[in-house]
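Chemist: First to last, the protein sequences are chains A and B.
Offset between the first sequence (1-based) and the working numbering: plus 66.
Offset between the second sequence (1-based) and the working numbering: plus 490.
In short, the hints are calculated from the structure, not lab data.
Worth double-checking, as some hints may not be accurate.
In silico DSS-like pairs for lysine-lysine, Cα to Cα no more than 30 Å straight-line [as the list claims (entries may be wrong)]: (1) A:Lys81 <-> B:Lys598; (2) B:Lys598 <-> B:Lys560; (3) A:Lys151 <-> B:Lys598; (4) A:Lys144 <-> A:Lys128; (5) B:Lys560 <-> A:Lys105; (6) A:Lys88 <-> A:Lys132; (7) A:Lys151 <-> A:Lys118; (8) B:Lys598 <-> A:Lys128; (9) A:Lys105 <-> A:Lys81; (10) A:Lys81 <-> A:Lys151; (11) A:Lys144 <-> A:Lys88; (12) A:Lys132 <-> A:Lys144; (13) A:Lys88 <-> A:Lys128; (14) A:Lys151 <-> A:Lys88; (15) A:Lys144 <-> B:Lys598; (16) B:Lys598 <-> A:Lys105; (17) A:Lys144 <-> A:Lys105; (18) A:Lys132 <-> A:Lys118; (19) A:Lys132 <-> B:Lys548; (20) A:Lys151 <-> A:Lys105; (21) A:Lys88 <-> B:Lys598; (22) A:Lys128 <-> A:Lys81; (23) A:Lys81 <-> A:Lys132; (24) A:Lys128 <-> A:Lys151; (25) A:Lys128 <-> A:Lys118; (26) B:Lys560 <-> A:Lys118; (27) A:Lys105 <-> A:Lys128.
Anything over 10 Å on all C-beta distances counts as not near chain A; from chain B, calculated [unchecked claim]: (28) Val501; (29) Thr502; (30) Glu505; (31) Gln537; (32) Ser551; (33) Asn559; (34) Gln568; (35) Ala570; (36) Ser571; (37) Asp576; (38) Thr595; (39) Thr605; (40) Pro606.
Note that beta-carbon positions come from the ideal geometry of N, C-alpha and C, so glycine has one too.
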Amino acid sequence: DAGVTQTPRHEVAEKGQTIILKCEPVSGHNDLFWYRQTKIQGLELLSYFRSKSLMEDGGAFKDRFKAEMLNSSFSTLKIQPTEPKDSAVYLCASSLWGDSYEQYFGPGTRLTVL
Amino acid sequence: GDSVTQTEGPVTVSESESLIINCTYSATSIAYPNLFWYVRYPGEGLQLLLKVITAGQKGSSRGFEATYNKETTSFHLQKASVQESDSAVYYCALGDRGGSNYKLTFGKGTLLTVTP
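With the hints as constraints, model all of the structure from the sequences given.
Modeler: Now the structure itself:
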C-alpha cells in the first residue's frame with residue numbers, strides 16, 4: 067500500500083504569493099490532518115478532516131490558511147498571502163477511524179518564504 | 491488546554507549507554523488519554539514508535555519502552571542500551587480515546603544523537 071504522498075517536497079515563494087500544497091492520504095483512511103512543524107513550536111495542528119468534513123480548523127491559522135478535501139483521496143492546503151514567518155515544514159497525516167489511533171505521516175513539504 | 495512537555499534537546503548519548511527522554515502531559519479536556527511516541531529518523535517521515543491507550547500499561551518497540559503513569563501524568567521513553575541507529579527526533583503525543591476527535595497534541599520533539 068502506498069503511504070501518504072505530499073507534493074511538492076520543497077517550495078520557495080515570495081512574500082505575498084499564494085501557494086498550494088497537496089496531499090494524498092493512505093487509501094481507505096478517513097481522517098486527514100495538516101500540521102505545521104517548526105523547531106520552536108514543534109507540530110501544530112492546522113486542520114483536521116473526517117470523511118471530508120472539517121472537524122477542526124486551527125484557530126490561529128484561520129485567516130490565511132485554508133485546507134480542503136476535494137475528495138476522499140486528495141487534500142490541499144492553500145496559504146494566501148504567504149509571509150516569511152510561514153517558512154516551515156508542512157506535514158499531512160491520515161488515519162483510519164477506530165483503528166488504533168495511529169496517524170501515518172507524509173514526508174512533508176518544506177516551504178521557504180522570502 | 492491539553493499539552494505535552496518533553497525533554498528539551500539536543501540529547502547526546504554514547505552507544506550502549508542507557509537513555510531516558512521525559513514526557514509529561516496535561517489532559518484538561520480529554521477524559522481517556524492515549525499516549526504515543528513518534529520518531530523521525532534522518533531523511534525519513536514521522537512514524538509511530540509505540541503507543542499505550544490504557545493507564546498502567548507499558549508499550550515497547552525496537553528496544554524502547556514507555557509506561558503510561560496516570561498518577562504522575564508521565565510517559566517517559568527509555569532504552570537500556572542505545573545504538574547509533576537510534577539517532578533521531580522523538581516526539582511524545584497525546585490523543586483522546588473517549589471522544590470522536592482523533593487529533594493528537596505533540597510535544598516539541600527531542601533530538602537524540604548517539605555517538606560511537
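Chemist: Next step is simple, just say for each hint if it's right about the structure.
Modeler: Checked hints:
no.	hint	verdict
1	A:Lys81 <-> B:Lys598	holds, 27 Å
2	B:Lys598 <-> B:Lys560	holds, 21 Å
3	A:Lys151 <-> B:Lys598	holds, 18 Å
4	A:Lys144 <-> A:Lys128	holds, 11 Å
5	B:Lys560 <-> A:Lys105	holds, 28 Å
6	A:Lys88 <-> A:Lys132	holds, 12 Å
7	A:Lys151 <-> A:Lys118	holds, 29 Å
8	B:Lys598 <-> A:Lys128	holds, 22 Å
9	A:Lys105 <-> A:Lys81	holds, 21 Å
10	A:Lys81 <-> A:Lys151	holds, 10 Å
11	A:Lys144 <-> A:Lys88	holds, 9 Å
12	A:Lys132 <-> A:Lys144	holds, 5 Å
13	A:Lys88 <-> A:Lys128	holds, 18 Å
14	A:Lys151 <-> A:Lys88	holds, 20 Å
15	A:Lys144 <-> B:Lys598	holds, 24 Å
16	B:Lys598 <-> A:Lys105	holds, 7 Å
17	A:Lys144 <-> A:Lys105	holds, 22 Å
18	A:Lys132 <-> A:Lys118	holds, 14 Å
19	A:Lys132 <-> B:Lys548	violated, 39 Å
20	A:Lys151 <-> A:Lys105	holds, 13 Å
21	A:Lys88 <-> B:Lys598	holds, 24 Å
22	A:Lys128 <-> A:Lys81	holds, 18 Å
23	A:Lys81 <-> A:Lys132	holds, 17 Å
24	A:Lys128 <-> A:Lys151	holds, 15 Å
25	A:Lys128 <-> A:Lys118	holds, 18 Å
26	B:Lys560 <-> A:Lys118	violated, 34 Å
27	A:Lys105 <-> A:Lys128	holds, 21 Å
28	Val501	holds, 15 Å
29	Thr502	holds, 17 Å
30	Glu505	holds, 26 Å
31	Gln537	violated, 7 Å
32	Ser551	holds, 12 Å
33	Asn559	holds, 19 Å
34	Gln568	holds, 21 Å
35	Ala570	holds, 25 Å
36	Ser571	holds, 27 Å
37	Asp576	holds, 19 Å
38	Thr595	violated, 8 Å
39	Thr605	holds, 22 Å
40	Pro606	holds, 26 Å
Of the hints listed earlier, those the structure fails to meet are numbers 19, 26, 31 and 38, in rising order.
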